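These protein sequences, in sequence, are chains A and B.
For the first sequence, the working numbering gives the first residue as 1, with consecutive numbering after it.
For the second sequence, the working numbering gives the first residue as 92, with consecutive numbering after it.
In case anyone wonders, no lab produced these hints; they're calculated from the structure.
These numbers come from a predicted model, not from an experiment.
Do not rely on the hints blindly, as some may be mistaken.
Listed next, the in silico EDC-like pairs over lysine to aspartate or glutamate satisfying Cα-Cα at most 16 Å (straight line) [to be verified]:
no., chain 1, residue 1, chain 2, residue 2
1, A, K16, B, E229
2, A, K16, B, E125
3, A, K3, A, E29
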Amino acid sequence: MTKINIPTPLRQYASKQPTVEVKAGTVAEALSGLVAKHPDLRRHLYTDEGKLRSFVNVYLNDEDVRYLQKEATAIKDSDTISIVPSIAGGW
Amino acid sequence: MLKIGKSEFDEIRRHGEETYPHECCGVLLGQMREDERVVTSIARCGNTRVDSPQNRYHIDPRELVRVQREGRERGEDIIGFYHSHPDHPACWSQTDLAEAHWFGCSYVITSVEKGKAAITNSFELSGSDESDKEFLDEKIEVERAKT
Chain A
1 MTKINIPTPL RQYASKQPTV EVKAGTVAEA LSGLVAKHPD LRRHLYTDEG
51 KLRSFVNVYL NDEDVRYLQK EATAIKDSDT ISIVPSIAGG W
Chain B
92 MLKIGKSEFD EIRRHGEETY PHECCGVLLG QMREDERVVT SIARCGNTRV
142 DSPQNRYHID PRELVRVQRE GRERGEDIIG FYHSHPDHPA CWSQTDLAEA
192 HWFGCSYVIT SVEKGKAAIT NSFELSGSDE SDKEFLDEKI EVERAKT
């Protein structure tokens with residue numbers, strides 16, 4: 001099973017769990033499994049067109065999947081996926 | 092309400108003085124409770140906005156992944172963030188709001204005037220999603236160090 005770390009603002013949509021385990025072969029399958037278990041997460045992760053929201057960063061261990069094979073990136077049971085909303089701002 | 096120890100509060104302000112005239116940024120770690128967030132440690136972060144550091148900040152998500160992992164090992168969660176406004180009020184801007192996505196977390200802003208930390212304010216990011224998000228003023232309770 002692959003572990004997905006849920007950031008604090010999204011835990012209320014994942015039964016307050018800090019991590020969710022899914023069985024999957026790719027990042028896409030893992031995220032699909034996540035929203036299948038917790039449907040309320042979908043609108044916070046994806047646009048109406050089904051694309052990952054631009055401010056949602058997905059990391060496979062310590063690598064941004066954008067620089068790997070994106071959602072087609074293969075995963076192993078020992079891997080950890082982290083969902084990390086962006087932090088930015090300024091006056 | 093945001094509860095924070097004096098040591099961590101002073102550290103946030105000092106960070107803004109050190110990076111002046113650029114914005115500093117970092118993470119607040121601790122515990123979320125019903126109506127309050129309790130800070131138990133802070134993590135300084137780098138500002139990747141080297142193109143406009145005097146009025147913009149961005150934390151590398153890779154750094155957040157590391158901070159989150161290390162925090163988890165200590166039993167801490169990410170409960171908020173801080174940054175500074177060099178020679179600008181400690182109020183959230185439209186940019187701050189547009190770029191805020193950690194609902195239920197505290198966003199702490201320190202105005203740093205001519206290199207000296209002035210006012211520090213905190214705001215909770217409230218709302219159900221991107222369409223209705225807003226910053227709500229939040230009281231900061233600074234706890235004195237226990238002797």
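Against the structure, the hints:
Our distance criterion of 16 Å between C-alpha atoms is broken by K16 of chain A and E229 of chain B, whose separation comes to about 23 Å. As the CA atoms of K16 of chain A and E125 of chain B are separated by approximately 13 Å, the hinted pair is consistent with the 16 Å bound. A distance of roughly 13 Å separates the Cα atoms of K3 of chain A and E29 of chain A; the hinted pair therefore holds under the 16 Å criterion.
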